[in-house]
Amino acid sequence: MAQDSRGLSPEPVVRVRDLTRRYGERTILDHVDLDIGRGEFVALLGRSGSGKSTFLRALAGLDHGVPGSGGFEAPDAVSVVFQDARLLPWKKVVDNVALGLGGAAPRERALRALGEVELTARAEAWPLQLSGGEQQRAALARSLVREPELLLLDEPFGALDALTRLRMQALLLDLCARHQPAVLLVTHDVDEAIHLAQRVLVLDQGRFSVDIKVDLPDEPGPRERRFAEVRAHLLTSLGVTERELRRVA
Amino acid sequence: MADLSLSNGRDVAAPSRSSWLGRARPRSSAGEAALRRRRKLGPGPVIPYGAALGPVLLLILWSLGSATGYIDDRILSAPWTVATTGWDLIQDGRLQDNLWTSFVRSFWGLFWGIVAGATLGVIAGLSRIGEYLVDGPIQIKRAIPALALIPLLMLWFGIGEGMKILTIALITFAPIYIQTHDGLRSTDARFIELAETLDLSNAQFLRHVVLPAALPGFLLGLRFGVTYSWLALVVVEQVNATSGLGYMINLARTYGQTEVIILCLAVYAALGLSSDWLVRFITRKALPWRKILAD
Ligand SMILES: Nc1ncnc2c1ncn2[C@@H]1O[C@H](COP(=O)(O)OP(=O)(O)OP(=O)(O)O)[C@@H](O)[C@H]1O
Ligand SMILES: [Mg+2]
Numbered sequence: 689m690a691q692d693s694r695g696l697s698p699e700p701v702v703r704v705r706d707l708t709r710r711y712g713e714r715t716i717l718d719h720v721d722l723d724i725g726r727g728e729f730v731a732l733l734g735r736s737g738s739g740k741s742t743f744l745r746a747l748a749g750l751d752h753g754v755p756g757s758g759g760f761e762a763p764d765a766v767s768v769v770f771q772d773a774r775l776l777p778w779k780k781v782v783d784n785v786a787l788g789l790g791g792a793a794p795r796e797r798a799l800r801a802l803g804e805v806e807l808t809a810r811a812e813a814w815p816l817q818l819s820g821g822e823q824q825r826a827a828l829a830r831s832l833v834r835e836p837e838l839l840l841l842d843e844p845f846g847a848l849d850a851l852t853r854l855r856m857q858a859l860l861l862d863l864c865a866r867h868q869p870a871v872l873l874v875t876h877d878v879d880e881a882i883h884l885a886q887r888v889l890v891l892d893q894g895r896f897s898v899d900i901k902v903d904l905p906d907e908p909g910p911r912e913r914r915f916a917e918v919r920a921h922l923l924t925s926l927g928v929t930e931r932e933l934r935r936v937a
Numbered sequence: 357m358a359d360l361s362l363s364n365g366r367d368v369a370a371p372s373r374s375s376w377l378g379r380a381r382p383r384s385s386a387g388e389a390a391l392r393r394r395r396k397l398g399p400g401p402v403i404p405y406g407a408a409l410g411p412v413l414l415l416i417l418w419s420l421g422s423a424t425g426y427i428d429d430r431i432l433s434a435p436w437t438v439a440t441t442g443w444d445l446i447q448d449g450r451l452q453d454n455l456w457t458s459f460v461r462s463f464w465g466l467f468w469g470i471v472a473g474a475t476l477g478v479i480a481g482l483s484r485i486g487e488y489l490v491d492g493p494i495q496i497k498r499a500i501p502a503l504a505l506i507p508l509l510m511l512w513f514g515i516g517e518g519m520k521i522l523t524i525a526l527i528t529f530a531p532i533y534i535q536t537h538d539g540l541r542s543t544d545a546r547f548i549e550l551a552e553t554l555d556l557s558n559a560q561f562l563r564h565v566v567l568p569a570a571l572p573g574f575l576l577g578l579r580f581g582v583t584y585s586w587l588a589l590v591v592v593e594q595v596n597a598t599s600g601l602g603y604m605i606n607l608a609r610t611y612g613q614t615e616v617i618i619l620c621l622a623v624y625a626a627l628g629l630s631s632d633w634l635v636r637f638i639t640r641k642a643l644p645w646r647k648i649l650a651d
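Chains A and S supply the protein sequences, listed in that same order.
When we follow the working numbering, the leftmost residue of the first sequence carries the number 689, and every step to the right adds one.
When we follow the working numbering, the leftmost residue of the second sequence carries the number 357, and every step to the right adds one.
Everything labelled a hint here was simulated from the structure, so no lab data went into it.
No false leads were slipped in.
Looking from chain S toward chain A, a few residues come up when the C-beta cut is under 8 Å (computed):
#1 547
#2 552
#3 554
#4 565
#5 568
#6 645
A few chain A residues that face chain S, going by a derived Cβ cut-off under 10 Å, partial list only:
#7 748
#8 766
#9 774
#10 775
#11 776
#12 777
#13 787
#14 788
#15 814
#16 816
#17 817
Counterexamples of contact, computed for chain S against chain A with all Cβ distances above 10 Å:
#18 441
#19 453
#20 595
Keep in mind that this is a model prediction, so the values were computed, not measured.
Think of the CB as a built atom: it goes at the ideal place given N, C-alpha and C, for glycine as much as any other residue.
With the rest of the complex left out, here is chain A:
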């Protein structure tokens, strides 16, 4: 549960307390608590409609006018990557990355960020000329160039094909290792969550029903066993029955 993790992360950058959000009669988030440590990579799973996006949008400060209570502390430097890349079609890729960027030499920094996602060659292209994966890489560059302390990702790879998704996941891990933001990744994909995150949450009935440290060992054998264990645990808590699990696994 969330309380367990509180002791484990000495220096949380995100501190959510008693957060409640309602749409009409339905309570989507029900007195939720959560701490995310500095540089911690957290994945958030949950059935469709369980309120993952609602939670993420609350942290991003995008849920104006949604009734609710409770509060949270989040750093000033928060970046969001949406499922769609959300590039302004009337701006060249590099200008999209540099959009609203303060400080010195924004364009140079944008170009460097594009270099990090291997898009330097497409810097002067229009967003509509990019493939889906390239667009999402540009969106990643746009969020990382701001050096966020907290990176919020709402199913960023959901619209990509399996191969591109794999490469994007690897890229995301590398970038996070380099920039060390705290990450909250909303995803449908249990395997993706285990592979990428240090800690996985499951949102169910407005609460975090699971809060588990992944801790994959390095040796291949134990690693596989641990992976299967976590996976089964997560799938079960997402409502997959023992029988279904045995049929497929």
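Following the hints, position chain S with the ligands against chain A.
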């Protein structure tokens, strides 16, 4: 970690580049493939200058009809009569003079229409109060046919150039206002969210998101406005004028000169088509990011 990540990053990009080439190559290779690639559904392939086909056909029918006497010269003059009349009118300068007068009227009417339409559109589009103040009267004005306003405008402003330009401006500003207002109001909510997450200031939001998003709307309004400016010209010049294309038409009607009427209609058509082409050209230049969709 950095080493590992760099090589990984390179891995990410390389296949995507080669797959791009891989897709491009077979397409251009075989002629047989090109044949198969032809679209089965849809209107069919593009023919160069195909758009001229219909008008040319009409012209041929018209010439044949006139030459064989099927078309009465008093109803519709022959093409060559129209052409020689045009030549004569150019020789004695009447066509250019009237055309120029009409053009200047249209130009200034359209100019003020653009200024008013864009200004009011921005006011109504950017502020709620502005919308309350501006939008109502404009909707009311729009509900009144422009022709019905002319008597009042004549009483107020006389029958001089000012009244003509004002009428044209009144007619042209409406579509520009509507499209600009609409464009500003319908900024994609996703981009508003993006602007929030990027912490854009109000000015940055306007400059980078709202105005570019509204530009296609404004240009569409402009296209309507230009077309309307010629329509409005016809209205003001046929009601009360002593010069201009509309005046020429009126005079020709009095003397039963169909060739002059048709000549003026042809000039209207040329003006309308070329100004529409001009606006489309401006649109293409102003929205380079959209061109790639059409290609
Ligand atoms: N603007 C809204 N008005 C009313 N109800 C809403 C609104 N946005 C979301 N909801 C409801 O809140 C619930 C949670 O939505 P949310 O988008 O957070 O789900 P999610 O977990 O992100 O689902 P998915 O995995 O499909 O993206 C859903 O049942 C949805 O119908
Ligand atoms: Mg969602």
